[in-house]
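Start from chain A and add chain B according to the hints.
Chain by chain, the residues:
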Amino acid sequence: MSAPRIVVTGIGWVTPLGTGIDEVWNQLLASASGMAPITRFDASTFPTTFAAEVRNYNVDHFVANPSAHANAGLNSAYALGAAVQAWRCAGFDKSPPRNMRRVGLYLGAGEGVLDSAHFFETNISSWDTSSQRCDGRRWIQAALQKLSAKCEVEQEPNMPLAHIAHELGIKGPSSNCLTACAASTQALGEAFSILRRGDTDVMMAGGTHTMIHPLGVTGFNRLTALSTFKGDPTKASRPFSIDRDGFVMGEGSGMIVLETLDHALARGANILGEVVGYGSSADAFRITDIQPDGRGAAAAMTQALSQAEIDPHALRGDGRAPIDYISAHGTGTKENDSIETTAVKRVFGEQAPRIPMSSIKGMMGHLIAAAGAVEFITCILAIRDGMLPPTINYDRPDPELDLDYVPNVARKTPVDVCLSNSFGFGGQNDTVIVRRFEK
Amino acid sequence: MVTGVGTVCGFGRGIDLLWEGLCAGKSCVGPIRAFDASGFESSQGVETPNDLDVRQIVPKHYRKATKVMARDIVLAVSAADSAVRSAGLSTRGTVETEGSQVTIAPSRMGCHIGAGLVACEVNELTAALTTSATADGSFDFKAWGSIGMQNLTPLWLLKYLPNMLACHVTIIHDCQGPSNTITCAEASSGLSMGESMRAIERGHADACLAGGAESKINMLGLIRQQFAGRLAAIATTDDGPRAVKPFDEQATGSVLGEGGGLLVLEGVDTATQRGATIRARLVGYSAGQCACADTLGLDLSEAAEDVAAVMQASLEDAHLDASQIDAIVPLGMGMRATDRAESEAIRAVFGSRAASIPLVTMVPSIGVCGAGAGALQAAVAVKCLEMQMIPARINASSTPGLCAQACESQRATLNHVMVVTPGLGGQVVSLIFGRAS
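Each protein sequence line maps, in turn, to chains A and B. Heads up: the first sequence at position 70 corresponds to 70 in my numbering, and the numbers run straight through without jumps. Convert by adding 439 to the 1-based position in the second sequence; the result is the number in my numbering.
Okay, chain A solo, but in the shape it has when bound (with noise of 0.2 Å):
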């Protein structure tokens, strides 16, 4: 029996764009940006200062009982928001999914934010000089008046799984992966393996993260990641420019309803995709760099590709290129622009420079975990609109990146299929394609 086919009938997001599907697309493709001075903390000596927030986001807006969602960190609070906007658009509020345990869970969902005063603070008075450690006595003395068991509780990475389960009901398998900045592109696609092996009906899949906190912004400042660019926030992450300096921290969720072709007709539900391939593998290569040739991006980009059945080197039957459109991990480093381009060129060969490929990041930052799964929305929205978003601050092109990057404004083109890329620190990477859905 051939695997089921798969198609996606729910969107949701929360972004620092905005929370609604049109609202936050209309601004990707008007070229705007949601950097700005981060307000959460007082950053202005750090090294970076900016960073795109979500602002104005009220979880109780979206949850049916706001009271037991309460203590609910940022990440959970934005994967509520995004999933029951998803639920909704699938249909699935008016008229559940019958069996529960045939709706899984599979997301990418970062580590809860540090409670970093109080943590802090209870470090500092815990600090014993002469034997450089903190005293055990003292810092849990300190830390049962300061911390809070709720906010400790929540950064475990998968309490975004128990949220949106017990918001939604949800009883069929349930994961969460953290793989940096790869994790919610592969959630996707191990969802997308779930309801092809035929274990599920349905799954909701994505991510959620936010690491605009004191020690996410130092950690990624240490790495020297992070753009510190000293003029207007909004210029300054340059995916693909040659002056790029680094990436700008974003934070949100998006959720995406995967479901059976068979399930979603039988309930007539609006269809907007069609996912048709997989791809994952790792670099095995360091801890902080990229392998250079893009051997590990190659890997995840050839197998979806193989698994679509589309021959990268070959041209559609129209004469159209082999895909319509690349969702790049484009984060505007100065190694991450340059080796995707490498191993896009290695993977599409002559048709490379025919496909565009645009970095939504430079508008909305940097989603972290949740980057993959906002950026498949992009291509499932460029699909409905024919429509790309831009690559922003692309004013200095770089001549060692040759490809079609949709500088500065958005095109009008026909889009039937997309790829969507994520890379993580740590050498993951993974690939989801999705493509026109056509009975």
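Among the hints, a few may not be true.
What the hints assert, rightly or not - Listed next, with one range per pair, are the computed distances between beta-carbon atoms: (1) A:Arg-197 <-> B:Gly-527: 29 to 37 Å; (2) A:Phe-41 <-> B:Asp-760: 51 to 59 Å; (3) A:Arg-197 <-> B:Met-826: 28 to 36 Å.
Claimed, not checked - Derived contacts from chain A toward chain B, CB cut-off under 7 Å, selection only: (4) Asp-128; (5) Pro-157; (6) Ala-165; (7) Ala-180.
Everything labelled a hint here was simulated from the structure, so no lab data went into it. In this text, a Cβ means the ideal position worked out from N, Cα and C, and glycines have one as well.
Here is chain B on its own, set in the frame of chain A:
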């Protein structure tokens, strides 16, 4: 096929030490030495013996990287080395010492590792933080941003990303195939093994390292579990080894440990072609989400029906019925709500046999090792099948309707062993291992 088993726990490195310790009814629970834990609800735990000199087990060129390994990473790297060697595999990580070619093409070798919320090392962090403390003990973010943070090593963040367990293991053993990091507390290892099984099944890998590791023996790990209400009240230092009583009516909570394990899972063709010793077969897998009263997935007291559904689904996946299961390795952490979910599920699935199917309970001996817990359960299940033996149980005296009370190790005819792990957060996973022949 399970062709390799590597574990790290309170008994030390290698499945044989764990097995011998369990069979002898020993417990590694004792006062925590890593820091002064006397102010916590429980000052007892299980630490791995201090012989995990990770520098000695990684290839020479990789020794520098051990400086950026958090404790959890060290546990995973140790377990991986042990697993790969026990499977008789040559990888990039072992050829240096064994002088042979790699057994499995790197692109066909996968790696799925369950990980926890890797706790940052508070002494390292605080040494840097104190440079930005004000006189009244509060924290000066301005000072930190301008100068203070420079006291942290540039690679600081990379010690603590959960996927760094898999990152180091894939680099050391050159696993370029499907790889993932699952972070679902105690359920993480089982979910990882299930994912490896499926990757091999659909032809995306020939072999995978699968399991998980975590250390909860640090101040953040301990306080989070204390906040979650999971620690046993232990009256005196001497009571530690007797503190955890899985499924007992008098159970008062659990103790934390550190450890984990990795199995080498391998497709039947690959294993047969290379003449590998088959230790056991992984024949069934299923996962689910429990309905919990709270939104954190802490209270599993009403989750028995959901746990039972997952156990039943794993039987169906293995094409077995309940009568063919000869032993069960539950999480059995000694916390009443979680134990109740497991015990009622066992009764629901096994009916009248529930009272006679032997359970293997390990937490009284090695503590709850977070994301490593399920891997240790699975490794012991494999060993039970290999040895045709149920290890000793300790501490529990009254476990009505279940075969879980303390007893000596005993010989048994075992064809299939079920491993069930419900974790904090409400994810639950069930695996079924079968005898090799």
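Consistency of the hints with the structure:
no.: 1; hint: A:Arg-197 <-> B:Gly-527: 29 to 37 Å; in the structure: 30 Å, holds
no.: 2; hint: A:Phe-41 <-> B:Asp-760: 51 to 59 Å; in the structure: 57 Å, holds
no.: 3; hint: A:Arg-197 <-> B:Met-826: 28 to 36 Å; in the structure: 33 Å, holds
no.: 4; hint: Asp-128; in the structure: 10 Å, violated
no.: 5; hint: Pro-157; in the structure: 4 Å, holds
no.: 6; hint: Ala-165; in the structure: 5 Å, holds
no.: 7; hint: Ala-180; in the structure: 5 Å, holds
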